[in-house]
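2 protein chains.
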Amino acid sequence: MSNPLDRILNPRRLAVIGASNDPEKRGYRAIRTLLADGYRGEVLPINPKATEILGLPCFASIDAVPGEVDLVLVCTPARTAPEVIEACGRKGVKGALLLAGGFSEASEAGRVLEEQTVAIARRYGLRLIGPNTNGIFTAREACNAIAWFDIPRGPAAMLANSANVMLSVLAEAQQHQYFGFNTLLSVGNQSDIQFHEYLTAMGDDSDIGAVISYIEGFKDGRAFIDAARAVTPKKPIVMFKAGRTAEGVRAARSHSGSLAGDYAVATGVLKQAGITLLERSDCLYPVAEALHLLPPLRSRRVAVLSEGGGVITVAAEALSERGLIIAPLSEATQQRIHEIVPNASAISNPVDAGGGTDPRAEYYGLCGAAILEDPNVDALMLTGFFGGYARRYGEGVAEMEFKVARDLAELMRKHGKPVVVQSHYAQFRTPALDVLRKAGVPFYRHIEIAAQCLASAADYSEAKRRIAASHPVAEAAAALPPAAVSLITAARSAGRNALLETEARAVLAACGANVAPIHLLRSSDDAVAAIATLGDQPLALKVVSQDVLHKSDSGGVRLAVRGEAGVRAAVVDILASVEQHVPGARIDGVLAAPMAARGVELIIGVSRDPQFGPVLMFGLGGIFVEAIEDVVFRALPITRADALEMIGEIRAQKMLDGVRGLPRVDREALVELLMHVSTIACAGDDIAEIDLNPVIATADGLVIADARMILT
Amino acid sequence: MSNPLDRILNPRRLAVIGASNDPEKRGYRAIRTLLADGYRGEVLPINPKATEILGLPCFASIDAVPGEVDLVLVCTPARTAPEVIEACGRKGVKGALLLAGGFSEASEAGRVLEEQTVAIARRYGLRLIGPNTNGIFTAREACNAIAWFDIPRGPAAMLANSANVMLSVLAEAQQHQYFGFNTLLSVGNQSDIQFHEYLTAMGDDSDIGAVISYIEGFKDGRAFIDAARAVTPKKPIVMFKAGRTAEGVRAARSHSGSLAGDYAVATGVLKQAGITLLERSDCLYPVAEALHLLPPLRSRRVAVLSEGGGVITVAAEALSERGLIIAPLSEATQQRIHEIVPNASAISNPVDAGGGTDPRAEYYGLCGAAILEDPNVDALMLTGFFGGYARRYGEGVAEMEFKVARDLAELMRKHGKPVVVQSHYAQFRTPALDVLRKAGVPFYRHIEIAAQCLASAADYSEAKRRIAASHPVAEAAAALPPAAVSLITAARSAGRNALLETEARAVLAACGANVAPIHLLRSSDDAVAAIATLGDQPLALKVVSQDVLHKSDSGGVRLAVRGEAGVRAAVVDILASVEQHVPGARIDGVLAAPMAARGVELIIGVSRDPQFGPVLMFGLGGIFVEAIEDVVFRALPITRADALEMIGEIRAQKMLDGVRGLPRVDREALVELLMHVSTIACAGDDIAEIDLNPVIATADGLVIADARMILT
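Taken in order, these protein sequences are the chains called A and B. For any residue, its number in the working numbering is found by taking its place in the first sequence, counting from 1, and adding 41. For any residue, its number in the working numbering is found by taking its place in the second sequence, counting from 1, and adding 41.
Since the hints were made in silico from the structure, they are not lab data. Any given hint could turn out to be false.
When chains are identical, the list treats them as one kind, so a pair holds in a single copy or across two.
[Unchecked claim] With a straight-line cut-off of 20 Å between C-alpha atoms, the simulated SDA-like cross-links for lysine to any residue are:
#1 K132 - K312
#2 K276 - P196
#3 K276 - P383
#4 K695 - I664
#5 K276 - G457
#6 K592 - G702
None of these values were measured; they are calculated from a predicted model.
Just chain A, same shape as in the assembly (with noise of 0.2 Å):
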């Protein structure tokens, strides 16, 4: 509890500025819903004009309040901020509230008004949170400061861009009853605490058990990772981000003013740091419910238990569908199962213990066992009439399917495996579903949600146990061999900002990189040294020169050129051509390099994204990177770990597996080249930007076919 914004979130004195007796006013319900929610610390109002409100002392400034003052809730408009903050910070309150809106997000004259209340808040060491906020709830001391009634109490915690948003969740939670709230933080502007900063202290506290949050676009998206993956071994973070399409991006900016930035980019890093993104927001609820509940999967193979056929299909479709493996059960468990109903429709997996006879719950208390010894699966879902069949077939059978709830929850504790139950009666919120709830064993009304819900565990389950595994990343990362700092000191002290290819290829190569030959020609004469070195086969060769952007329009490019005097007449086109296209570039030579075989064009990249830093980039190059579109993403520096999931998230898996003759890509040397990459990335400040496209795959390994790289 060591968090320094820990005192600020679970404030045990909180002075509310603005206090008001007119019950329209926010300075009114503020106080109302403090004490009618049970706050346990003290409230105390402050307004010059007043001596009691709600029954409380009033006082007339922050400065006659005795004592320490933890919170303050700032009720007045937005130009007294920076009075009132200054007044704060001189009786050394240790945080502030800030509720109006009509700063950053409302105009420049607001932007400017938040800058200068941020300077003040700063030099007394205050913390703002918000402005343009809803408020926070936190159930410690009960403080009710966001002025919502009905919250639930339990586990959760939300941090939102967006109270209504917000308010969508906390309406599920009351519907659903089980999965309560700890935290409900709006954030407002983020003027000064962010994200990254509630997020730890959200780790911190160990009453919290999940995350959900609600995230439109971040200040210091690095920040934010860097927090993130402190807190996701601890607990689960659950996050909706906006900006999938255009349109996201721009309701974003006009809502919050945030910059959504590059969906592609969060969705691997948020990945990389544990984090479970979502693409419905229906779905967030839910899945941070079991990502608490759940002991972790071991593997992605599960079993499907039902009484019944078609909803055994849909369940397999939809759980395979989100990466889980629908695995055979053993003869041993298929026998078991056989034995408990003689009559079941399916045994192997997907289970339909449904058959000639009716139903009966106890089928799937002892066919859920038996699955769940069964060491080739991980998990289980259950999917059908449970709940649902005391309600179905009379209370006669009440007993056993309570027995039978309580034994889904003991199974799923005592082999380590989840459990999740799709229920036809679930909105019914039958007794049964109860017992199975308060035993542990969350229920869903829909099959995709109880699927999603435990791909997401197994999902997440990876995601830690990678974590765990990863060596603590050198983040002072090696320095640049000598070899690549001087290649870089000279390319700066010529001016340039790029290296050239050669250079590039060079630095590669003093890296430690697989770089395939290649020789500079100074002039054609050089041909017969570039054959020698080479071999006599068919060469590609490119102009080099800072001055042209675009080697092949400017007719700097030749391919498959053969012989000497093939290279001979080759160079002299080349330097002509340039010498057309671009009068007076400078001119380094024509690179020579062998012929790519045929092989599979990929990508690797380094750019420095705007919220996230530098990230690496990997997928199908060439004319696949516009027209499919197919790359991920994580930030830098990456693990091996991080380099077999970049691999193996691109969606055109076939063209890495060797498809129409094409090689089978080589995901071991695919690993060590981005493991390079990311090196050379984080090895001091140089280098900005990376671009190697193609990097073509051929069955004799990787070869770099073209390299660019920018300085910082």
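Place chain B on chain A using the hints.
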């Protein structure tokens, strides 16, 4: 009401074979349910050992029943079926519903029993429902022959391979209350009456407003889509079809013995027939309700209205991801919204009418009216607090909320533009939401479901327009032109089942397709003639031989050959190489064609789908076919509108729009070619398969670079 199945599905006289006084028996429960649910017809129990069952006089046999019988409900075991159906046939009964399992779904003996039973029924013109079904419920005569209780009545019909999936949807209706059922029909083994016949009956029944279907596989998919095409102009068909994944295909086979077939084919042909195919089972019920309630959308341009940010971002993303357009509102509308809510945070679309003040229900009504009058948008989605104002702000605002609910429905009708409401308070079923729904506006708990409903409504509106506009397709298509017929006849006479490439090209040309010039060289001496025909340009040379399947692998292809000497040498090479690889191959010559310019490789194919018959495939060709599987299907024949839709459904649209210097594909020319292929495939019964791959879209037009045709 002239559908031949109408009396069977809505029987007025219903006999129960195997009627029983034992409350455990289906023959007792069936009668009890019929009576309890107020069956308006006459129940006729049949049991030789009883005189009265549940107060009804019992008959010893079906022959003993006086007068006509519409339907018999057969509750006796499978083995009795032939005898029972024989007796019913003799009696002149119209239809029989066989409840028992143990037929073709269970064993080979069961399959024989089923065939035997069907043969008897056919002899008497008696139609069979099932066997292996839970039965049917139809509302007109209150005929509950499915033995489920609490069935809310309404305009929906459900047709399913799985009673359990149907029960799950029924449970949703029981909670929702507003959109109940006219018909519930579990088809069982479809031994006689099949999906398409039920569907046609549902189309003919004016009490039915929407059809929900869960289908694992078709026995006669072509008949189904033909039936569907006649139904969808009258009422929506919403479908969930198994088979998206290998796991789903496997589960469907184990459950209903269905062959789920190629899902990509099903997606295309079901859409073509105007069916709304959904990929989440939790969307079936809400989308069916929406398509039933909402007026058609004139375009895909929709508006979003809320009183808070965040949710407008989520809504904008959800709608645009589903292909709807968040179109800017007119200046005049924006001005009106500004006047209604001067503090509104966003007025252009999405509209966030929240601002400095607390939200008020009347804003929804006034802003909604302004938006629906705007010609720039054709539908409105409200998202946020509506339905919860009274709950949130007190009963004082209830009347206004009711008024706005009525106003929104009135606006929807007046402008003929759909309105849907997402309410955070949906699950509380507030009085305001009740007023709203009763007035015809659907409401939803979650944004994604609301967005899916609006998107499906837009899709359905477009499909109805497309089907209405399509010229009646000449099913008995024009015969092939004589030139094509003689080519085919010649090939058949030569004992060949596949056309040579030259013949396939000639058939295409004879049918009016724009085929690039070729020249067939019989020997190397034809080089001069080939160059005279095709011009002195780089040529592609390919062997033409019925015995050479893999031309490249046999050395039968040479690319970029130029000049007389070059062509001569290449022909000699090819002939020698083929002879070496396929000794004795019958060689018709070497085909020369100009090398295609750089372009986009496409594929066009015709094949026979086991479920849907002849289908047309279009997509990205060459390496893309296997690497990214970006292809779409339609049943043959297609209309021009179908062809345009096919081209528009390719995921990598960028490949068609000119990327990385590739030419922009001429969609009009592509439509022409697809129509030609459709015509050729449908003319007569000669051609079983066509494979044009690649068709290269160059800057100068489409070049068919390879053509194969297989005869029937």
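Against the structure, the hints come out as follows:
1. In the homo-oligomer, the alpha carbons of K132 and K312 never lie at most 20 Å apart, since the shortest distance is 43 Å inside one protomer and 69 Å across protomers.
2. For a Cα distance limit of 20 Å, the shortest separation of K276 from P196 inside one copy, 11 Å, qualifies, whereas the shortest one across copies, 47 Å, does not.
3. In this assembly of identical chains, K276 and P383 lie within 20 Å of each other by CA distance neither inside one copy nor across copies; the values are 43 Å within and 43 Å between.
4. For the homomeric pair K695 and I664, the shortest alpha-carbon distances inside one copy (17 Å) and between copies (11 Å) are both at most 20 Å.
5. Within a single copy, K276 and G457 get their C-alpha atoms as close as 17 Å, which meets the 20 Å cut-off; across copies the closest is 50 Å, which misses it.
6. Proximity of K592 to G702 under the C-alpha cut-off of 20 Å is restricted to the inter-copy arrangement: shortest distance 15 Å between copies versus 30 Å within a copy.
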